[in-house]
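Asker: Heads up: the sequence lines are chains A and B, in that order. Okay, so the first sequence: first residue is 30 according to our numbering, each after it adds one. Okay, so the second sequence: first residue is 4 according to our numbering, each after it adds one.
Any given hint might turn out to be false.
Here chain A is said to cover these stretches of chain B; the calculated rule only asks that three of the stretch's residues, wherever they fall, bring their Cβ under 8 Å from a Cβ of chain A [as the list claims (entries may be wrong)]:
(1) 50-63
(2) 77-83
(3) 213-224
Straight-line C-alpha distance at most 20 Å; calculated SDA-like pairs for lysine to any residue [what the hints assert, rightly or not]:
(4) B:Lys-93 with A:Arg-38
(5) B:Lys-134 with A:Thr-180
(6) B:Lys-133 with B:His-195
(7) B:Lys-279 with B:Asp-259
(8) B:Lys-214 with B:Lys-115
(9) B:Lys-214 with B:Lys-133
(10) B:Lys-202 with B:Pro-296
(11) B:Lys-115 with A:Arg-261
(12) B:Lys-134 with A:Phe-50
(13) B:Lys-92 with A:Glu-115
(14) A:Lys-44 with B:Pro-296
(15) A:Lys-44 with B:Lys-134
(16) B:Lys-92 with B:Gly-167
(17) B:Lys-10 with B:His-21
(18) B:Lys-279 with B:Ala-264
(19) B:Lys-92 with A:Ala-311
(20) B:Lys-92 with A:Phe-50
(21) B:Lys-10 with B:Val-71
(22) B:Lys-279 with B:Val-254
(23) B:Lys-133 with A:Ala-120
(24) B:Lys-134 with A:Val-45
(25) B:Lys-93 with B:Thr-59
(26) B:Lys-134 with A:Arg-261
(27) B:Lys-115 with A:Ile-37
(28) B:Lys-279 with B:Ala-304
FYI, nobody ran anything at the bench for these hints, they're computed from the structure. Just so you know, even glycine gets a beta-carbon here, dropped at the ideal spot from N, CA and C.
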Amino acid sequence: MHKIWAVIRREFIEKVRTRAFILATILGPVFFGVLAIVPGYLMSRDTGIKRVAVVDGTTTDFGSRATTALKAARRGKGAAALPRFEVTRVAAAGRELAVRDSLVKVTGLSDKQAPGFDGLLLVSDSSITTGRVHYLGNNVGSFDDMRMIETEIRPVIQATRLERLGVDPGEVMRSVQGIDLITAKVADGRLTGESGAATFFLAYAMGLILYIALLIYGQQIMGAIVEEKTSRIVEVLASSLTPFQMMLGKVIGVGAVALLQIGIWTGAATVFSTYKDQILTALGATSSGPLPLSLPSMKPELFVVFLIFFTLGFLFFAALYAAVGAMCNTIQDAGQAQMPVMMMVIAGFFSVFALIRDPNGTAARVLSYVPPLAPFVVPMRYSISSLSLFSLVSTILTTILGVLVVVWLAGRIYRVGILMYGKKASFGEVFRWIRAA
Amino acid sequence: MNGSVVKVDSVTKRFAGHTAVEGLSLDVPKGGIFGLLGPNGAGKSTTIRMIMNIITPDEGRISVFDSVAASRDLSERIGFLPEERGLYKKMRVLDHLVFLGEAKGISRASAKTRAVNWLERLGLMDWAQKKVEDLSKGMQQKVQFISALLHDPELLILDEPFSGLDPVNSQVMKDVVVEAARDGRTVLFSTHIMEQAEKMCDHIVIIARGKKLVDGPLAQIKRDFGGRHIALTFTRNSDRATRILSDRTLVASSDDYGASAEVQLAAGADPDRLLKTLVQEDVGLARFEVVEPSLQAIFIAKVGADAASAPANEVHRA
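Same shape as in the complex, but just chain B:
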């Protein structure tokens, strides 16, 4: 597409004792779904908060819609779902949505119409007159999700939108996000769940410990990562399989799940040889497929398996 909607330019943010984001640059193009990935404590939420102008960067600059004005001056054009969900517990659902719509600058009447439409669509209409505290956590999250979309923003910024949702609700939300992107809106969302990002995102940035590791369109990232990858599923003798996968003349790296694994072949190694060895060792092969590297594999390779679990003291600052 053309032009960038969000531009983050060499931004650094320090908190007492550690650097949450260091020299980070992002360029979110117009349209499509942009995934901001990273392990816990990588600085995803800090970055999003800076984009939302909830906190200010120590260094660097951020512009949204080519404007350095505070994001709340552009709040009509931005929908935001913060990582920490929060609603007024004593308010009725419909009143709450109307209020948040008004706070975004749309009129009371149209806020009401839109809120009703959304509640109907997400199957919450029976709860419209109930207090927020009477809703389940998943329902509250849907309500908050609606509040981010209510004013029909051009840019949607969603911080971990699917965390804590059951698969059914997760699916409903995913459909909404995908549809929003299809209508020409830009979606920026953060997650640490790779499978989801892989299926949804057009463009991906991976950050860890406040620094950017990977940046580009998903297809490009996979191409650049290269290597021959093989997805395996075995049904017995997994100890023998593990032994084969640790043979570095065959396998450069593997992501072993016990009953399945994704492996990157060593340079010069032949997939046929791996297949033959596995059959010989009688691991009950159920799947053997030459694949593109999964985002998970790229992520692990780039971030390093140990960094996937960040030091505990950084997690709460995420």
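Excised from the complex, chain A in its bound form:
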């Protein structure tokens, strides 16, 4: 036990010390931070108050109604939200082009000039029939500003049209109001308060985390074993440790590194998405717009299920990667020999996509009992639909069984393989190793 512990610690400390690990671990949170903070920050910066002149060429009250609507636009939500536009109405019935040109000439529509305007909104009587409204400004590139103007002006035009037809716009608005499907997940006969979308996101995220961990760290295990073979340190190790101790120590040590890195990443992602508003405020920007990144809350039970299957899945595939590493003498050989293992990882990940629409269908039920796929499928099913305790326990047990078989097989391949130099082993030879070891 002491020996395995020594191997685990060596793997863990040596991996964590590498520049690659430190960089990836720091860059992950930076990436999440950028993803969570920057869009919100830029959005709130960009959309400082804009000075808009409504050049009113109408003969009706349409121009003043449009002005009122624009004045009502707010940045962000809540009572404290600031107005988005500073609106000035310029009456210009019949001479809107002349007014427009002179305003452009005088103010230059520059955001540096005060007093002045950032943009001109041209409305005329024909706007109501054609639906065409012109806007000139220095901020036409701002998707957000343009969307806001459009959203504010559209109902005014629609209402004016309806009034002309003698219809009460209020009635129409009420009758065409869209419907809102509000989803809520029920698990074990109880409402969970999670929305459907959040659940889907979580199911994907869990599959993705396992997938990435396997691809990165599974291959690292394989590479490390090939390196131990080529540097021949394996002879010293083999005279002190059993192959099983060597393999298990490596798999657990690297697995712990994977958990640490993923823990840091998800921790950072959680912090950024939870305290996004506070961070934005601290940076002097108001929070606004839809959340670009928001994490659904993860129930403790789901977290436990995910952790169990993450661990089992990691053991399963890491043992296979270790066996592949032991079979090969160069990293190029290993790159080819790992294909079957990689296909299984990919199959597991994509089975999440395939089964997410019908998490309780026959396919999903059956695949939950296939050890290489279960680590992907079961947490997804558990998060989307409720899974009975019986099926949960039985899938865990079959996966454990699968892991034991694979670790046993891999251990035998490893035992013979690590001390075999020369050419890459054929599958026939590997089969003989399994029987002979």
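For chain A, the structure is supplied; the task is to place chain B on it using the hints.
Answerer: Quick look at chain B alone, frame taken from chain A:
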């Protein structure tokens, strides 16, 4: 001494296409230095690997400390330096030694103390926090040497411990090995450098092509080999000297190095006659000494000069 530490009993190991070791029996007595000699490809490393249980013999049995258990179960009592040196290149020297000590079963704290002591003794303390890859090859070999001794084993198995070392480092390592033996430990080492083995070993086994040719205490081997041997050094006219040495009425066999030679006198030949002839031929004699046969001479005589260089296809399996 008493009892044997390593017992190899009629062991045979075949690799695809050839037999590396054939019916080999060894008995390494407790204490002292045991030399396993042989030309390249003789099966020395294969034998040591089998003793270390890195590979298993096809036939026969091996016991270490009177136990047939895998040597790693006894790994606390054995220190091993493999022929192919290998260390984790990215690890720091001290960390690496501590890890290998722990893998042998000693505690982390005592592994550290011992590693520091050894590094100081071999003058590597300044390198303790450096990565292994930053060390020269000789220094790496010293580090690996320390790792074999770190857990204070009763039995040291060293496969070609001095190969690739400069004379200074070779001397340092030799001192360590001799000291270990003096402290009552058993040292089993393989080499193909006869001079070294001759100076260090108490007991010698010579193998060639997987078979044992000579086995016994060094003094006994020399006595048994018998014959009168003469060491010669000449300074000129070496062609004439060569001609004299090929006279089979005088010389039974000779190992001619050009400027020096070791010869075995033919039966009934008189050393005086050889001396007289050499002086007559004016070879500028600088040394003429009746000696015990050197291990080199015994080795050549037993293995045969041609076998000293093994067929190329066997060398990589050594």
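Asker: Hints first: check each against the structure and report whether it holds.
Answerer: These are the hints, each one checked on the structure:
no.: 1; hint: 50-63; verdict: holds (count 5)
no.: 2; hint: 77-83; verdict: holds (count 3)
no.: 3; hint: 213-224; verdict: violated (count 0)
no.: 4; hint: B:Lys-93 with A:Arg-38; verdict: holds, 15 Å
no.: 5; hint: B:Lys-134 with A:Thr-180; verdict: violated, 64 Å
no.: 6; hint: B:Lys-133 with B:His-195; verdict: violated, 33 Å
no.: 7; hint: B:Lys-279 with B:Asp-259; verdict: holds, 19 Å
no.: 8; hint: B:Lys-214 with B:Lys-115; verdict: violated, 42 Å
no.: 9; hint: B:Lys-214 with B:Lys-133; verdict: violated, 44 Å
no.: 10; hint: B:Lys-202 with B:Pro-296; verdict: holds, 13 Å
no.: 11; hint: B:Lys-115 with A:Arg-261; verdict: violated, 24 Å
no.: 12; hint: B:Lys-134 with A:Phe-50; verdict: holds, 18 Å
no.: 13; hint: B:Lys-92 with A:Glu-115; verdict: violated, 67 Å
no.: 14; hint: A:Lys-44 with B:Pro-296; verdict: violated, 56 Å
no.: 15; hint: A:Lys-44 with B:Lys-134; verdict: holds, 14 Å
no.: 16; hint: B:Lys-92 with B:Gly-167; verdict: holds, 19 Å
no.: 17; hint: B:Lys-10 with B:His-21; verdict: violated, 24 Å
no.: 18; hint: B:Lys-279 with B:Ala-264; verdict: holds, 17 Å
no.: 19; hint: B:Lys-92 with A:Ala-311; verdict: violated, 46 Å
no.: 20; hint: B:Lys-92 with A:Phe-50; verdict: holds, 17 Å
no.: 21; hint: B:Lys-10 with B:Val-71; verdict: holds, 10 Å
no.: 22; hint: B:Lys-279 with B:Val-254; verdict: holds, 14 Å
no.: 23; hint: B:Lys-133 with A:Ala-120; verdict: violated, 81 Å
no.: 24; hint: B:Lys-134 with A:Val-45; verdict: holds, 15 Å
no.: 25; hint: B:Lys-93 with B:Thr-59; verdict: violated, 31 Å
no.: 26; hint: B:Lys-134 with A:Arg-261; verdict: holds, 18 Å
no.: 27; hint: B:Lys-115 with A:Ile-37; verdict: holds, 18 Å
no.: 28; hint: B:Lys-279 with B:Ala-304; verdict: violated, 26 Å
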